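Participant: Can you build the whole structure from these sequences, using the hints too?
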Amino acid sequence: MTTQTTEKLANPGPLGLCGFALTTFLLSLINAGIFDKQDGISIVLAMAFAFGGTAQLIAGIMEYRKGNTFGFTAFISYGSFWWSWALFVQFMPTASPAFLGCYLAAWGTFTLMMFIASFSKPKALRVVFFFLVLTFYALAIGDGFGYHGLVQIGGCLGLITALSAFYLAAAEMINENFGREVLPI
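Counting from 1, one number per residue, gives the positions in the sequence shown under my numbering.
Treat each hint with caution, since some may be false.
[Stated by the list, open to error] Keeping only pairs whose Cα atoms sit at most 16 Å apart, straight-line, the calculated EDC-like set for lysine to aspartate or glutamate is:
| hint | residue 1 | residue 2 |
| --- | --- | --- |
| 1 | Lys123 | Glu181 |
| 2 | Lys8 | Glu176 |
| 3 | Lys123 | Asp39 |
Just so you know, the hints here were simulated from the structure itself, not pulled from any lab data. Just so you know, these numbers come straight off a predicted model, no measurement behind them.
Facilitator: This is the structure:
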């Protein structure tokens, strides 16, 4: 008679959400006009590669192992977003504003799809995707057409998005650690 042990996999959600939230928060501080781009863009680029991009890619691979198609798609996609954004900013700083607007609008449209797909998920996750859709579209119009005020609004929406993602990450970790719902999601 053989005994089979089941490997318990860690929940990769908080890791991916923290990578997303922290990088989004830092970039949004610049977009909102709280910090000047020259003062912080190098830190945001480093975070986009090291934490925003890489941590989400790792979380996505772990979600794949768990059979979670939604989590896999979200984390791999947004991890790739951070890598592509950082490469774009680093190596193509003179790209046309119109093309940057199209890039952000494409991500807004992808995020709208993820928002709709999140309707079967916890409310806190829907909140993250809702504000992320608004963030991408505000930045797409603001950057694409040179409306600085919309970029600042997009930055403020990005801060709300980041704080929502931080909350969800904290709730998932705290609730799992306590074995009950301490923070509602």
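Participant: Against the 16 Å threshold, does the CA-CA distance of Lys123 and Asp39 hold or violate the hint?
Facilitator: 36 Å, violated
Participant: Is Lys8 close enough to Glu176, meaning Cα to Cα at most 16 Å?
Facilitator: 13 Å, holds
Participant: Would you mind confirming whether the straight-line C-alpha gap from Lys123 to Glu181 stays at or under 16 Å?
Facilitator: 14 Å, holds
Comparing the model with each earlier hint shows a violation of hint 3 alone; every other hint is respected.
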